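Asker: One-letter residues, chain by chain:
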Amino acid sequence: MTKRDTRSFWIGFAVIVALLAAAPLVLPPFWRHFVTEILIWGLLAMSSDLLIGYTGLISFGHSAFFGLGVYGAAAALLLVAPPNLFLAIALGLAAAALVAGFVAFFSTRLRDIYFAITTLIFSQIFYVIIFTWTSVTGGENGLTFTRPGLGVPGLYVVRFTPTTMHWFVLAVVALSYLVLRRITRSPFGMVLQAIRENEGRTRAIGYHVEHYKIVAVMLSGVFAGLAGVLYALQNEFAAADFVFFLVSGETVIYNVMGGIGTLVGPIVGAAFFLLLREALSRFFTEYYLIPLGVIFIAMVIFMPQGLLGFARRWLNR
Amino acid sequence: MAIPWDLIVVQTVNGIVTGMILALVASGLTLIFGIMDVVNFAHGELFMLGAYIGVLVLASTGSFLLALTTASLVVALIGAALQIVTLRPLIGRDPLTTILATFGASLVLQNYALWQFGPISRKIAEPVSGQFHLLYLEYPWYRLVIAVASAAIIGAFWLFLKFGRYGIWIRATTQDRVMAQAMGIPVPWVHTGVFAIGAAMAAASGVLFGPLVGVEPYMGLPWVLKAFIVVVVGGMGSFGGSIAAAIFVSLLESYASIWVSPSQAIIVSFVVLILTLLFRPTGLFGSASR
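Chains as they are written, first to last, in the numbering used here: chain B, 362 to 678; chain D, 7 to 296.
Take the hints with a grain of salt, since some may be wrong.
As the list claims (entries may be wrong) - Per the computed footprint, the stretches of chain D lying under chain B, defined by three or more beta-carbons under 8 Å from a beta-carbon of chain B, are:
1) 118 to 131
2) 178 to 190
3) 224 to 234
4) 279 to 287
Said to hold, decoys possible - Sample of chain D residues lacking proximity to chain B, with all beta carbon distances greater than 10 Å (derived):
5) P10
6) S69
7) L71
8) V80
9) T92
10) L106
11) A107
12) G110
13) H139
Claimed, not checked - Here are the in silico distance ranges between beta carbons for each label pair:
14) R94/D with F466/B: 51 to 59 Å
15) P194/D with L636/B: 36 to 44 Å
16) V15/D with A565/B: 20 to 28 Å
17) A451/B with A158/D: 35 to 43 Å
18) A188/D with L637/B: 39 to 47 Å
19) R564/B with G161/D: 40 to 48 Å
20) P268/D with W371/B: 52 to 60 Å
21) E558/B with A188/D: 24 to 32 Å
22) P389/B with L71/D: 31 to 39 Å
Don't read these hints as lab results, they were simulated from the structure. Since we're looking at a predicted model, the values are computed, not measured. We put the CB at the ideal spot given by N, CA and C, even for glycine.
Turn these sequences into a full structure, and let the hints guide you.
Answerer: Okay, structure coming up:
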């Protein structure tokens, strides 16, 4: 990357973050909430891109990490007397990391399709546990809680307004993007990409492929858990549905629609998916997944690089 | 705790019955995977569509046998269309893209069923209503009919693979796609045919199983999940392995549901999967390398 590229990257990054930061000041409440949701789902999609796009592992189990982030935050907010924001984040991340470690330990023994199926089945294990363990998780009814204030407890705490909540989410997502970008460009990220390109050769060079995969799954799971924590803070609600397979499926759809292996693509994909859902549900009400599924299949077949890859190729022409 | 022998006998029968249905679902999945390297995410939806078509035909004609054959044929056609439209363009690409395409198809089919038939579950009347004494229980004959019918379909298919002209084409394509093509076998059509056969098997199991639970748009997912478990435990692509694993897993689940609720009993099959992955990642019964 040349110096000029670096500068244009930072300028672009600053412009986009500034635009997103200004969004809640000009948008009506519905769309403000919509943009915040896009950022949260975008973070989830981005975390999954670390596996799909950079390591070549399709995870169909991200709902487990996301859901455990939601429930971890919920537990911290319900159990500790004055609800503490940082404790909620810490517990959410710890829960997601624990589950990710567990899933990673087993699923990384397998490759390709087997990895996808195993992650899917593991996420369903957690769904069944959360759904049936009513006394702890609220089962079908889920859990409700109140969002803590922002600040240092005991010293200075402000209540979240929808606008500051948006800024908080934006700050976390932007920071996560920078961290993930750094990871993918680090020597560690290079090894992941080598695994994606040729696992056998990477092993032959002397890298311990399984260790790298386990760390990749755990990192990805932690960021998915962070998205879950943000979702819990935004909606003050935890439900078993967040652990259900559909969330994982949608995460994969965001990635494919936006363009895998780009980090920005999944966020674009999440925005595209949610906008499309909004538009389609005007016509198809709750059956919006019929046309959306058709569009998704068409994109898998005709636009394998996703929106971002398609745009890039089109611009370069 | 005393061992409830009577319950164990009943649950053994139950386990074998669900195991045979599961074997029918899983062997369609294994077949499609073994030959085309395609993991068919839409398999559960084909199962569900079969059950719905069974409901419709049964309501209008009253013949269960006709419902079974019509559902299988119609879903076979749907499967063939699905393969031609969504999977054929993906030949030669990363096999992972086929998961995505069939996942999209499953969303479309599931929501189509929801739109067309609504969320309320429908009943298929049991074609055989008699019961017999099993210890202190009145056990419905129909459950045994299911097991026998599933075994018959699987057996017939096995014979077809072994001795039928097109069965030999299918096996040849599994062994060596390029060589089969060179020998004049129309490989793309074998793929379409195999997908159609797998779809028909899913549909047949849907119709057979319908009377036990009721038919609703989301009925496919638990089955396809269990079928995935069975296929991994049995050794991916191994036909006999997936049948053995289906019965094994179903038996364990039936025994577990003596003590815990059925929705928690599914955790037993998850545990079997985890243990298999730990100690024998190639599957309990298969020898295929992965």
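Asker: Against each hint, give a clear statement of whether it holds in the structure.
Answerer: Do the hints match the structure? See the list:
Proximity of the stretch 118 to 131 of chain D to chain B, defined as three or more residues with a beta carbon under 8 Å from a beta carbon of that chain, is established by the 3 residues found. Interface restraint, the stretch 178 to 190 of chain D with chain B: violated (0 residues with C-beta to C-beta distance below 8 Å; minimum three). Residues of the stretch 224 to 234 of chain D lying with their CB closer than 8 Å to a CB of chain B number 3, which satisfies the three-residue condition for coverage. Coverage of the stretch 279 to 287 of chain D by chain B holds in this model, with 5 residues showing a Cβ closer than 8 Å to a Cβ of that chain against a need of three.
Non-interface status of P10/D relative to chain B is upheld: no Cβ of that chain comes within 10 Å, the nearest being about 23 Å off. Consistency note on S69/D: stated as away from chain B, and its beta-carbon is indeed over 10 Å from all of that chain's, at 31 Å minimum. Distance check for L71/D against chain B: the nearest CB is about 32 Å away, which clears 10 Å, and the non-interface claim stands. Look at V80/D: its CB is around 19 Å from the nearest CB on chain B, clear of 10 Å, so calling it non-interface holds up.
With a closest Cβ-Cβ approach of about 5 Å to chain B, T92/D is found to fall inside the 10 Å limit, against its non-interface label. The Cβ of L106/D does not lie farther than 10 Å from every Cβ of chain B; its closest approach is about 5 Å, which violates its non-interface assignment. For A107/D, the condition that its CB be more than 10 Å from all CB atoms of chain B is violated, with the nearest at approximately 5 Å. With a minimum CB-CB distance of about 4 Å to chain B, G110/D fails to clear the 10 Å threshold, and the non-interface call is violated.
Chain B leaves H139/D outside its interface by the beta-carbon criterion, the shortest separation being 34 Å against a cut-off of 10 Å. Evaluation of the 51 to 59 Å hint for R94/D and F466/B yields a failure: the beta carbon distance comes to about 38 Å. Restraint check, P194/D to L636/B: a C-beta distance of roughly 37 Å satisfies the suggested window 36 to 44 Å. In this structure the supplied range 20 to 28 Å is violated for V15/D paired with A565/B, their Cβ-Cβ distance being about 55 Å.
With their beta carbons about 58 Å apart, A451/B and A158/D fall outside the hinted range of 35 to 43 Å. Taken as a hint, the range 39 to 47 Å holds for the pair A188/D and L637/B, whose Cβ atoms sit roughly 45 Å apart. Between R564/B and G161/D the CB atoms are about 43 Å apart, so this pair conforms to the stated range of 40 to 48 Å. For the hinted restraint 52 to 60 Å between P268/D and W371/B, the CB-CB distance of approximately 56 Å keeps it satisfied.
Range check, E558/B to A188/D: Cβ separation about 31 Å, and the 24 to 32 Å hint holds. P389/B and L71/D have their C-beta atoms about 60 Å apart, which leaves the hinted 31 to 39 Å range violated.
Violated hints, in rising order: 2, 9, 10, 11, 12, 14, 16, 17 and 22; the structure is consistent with all others.
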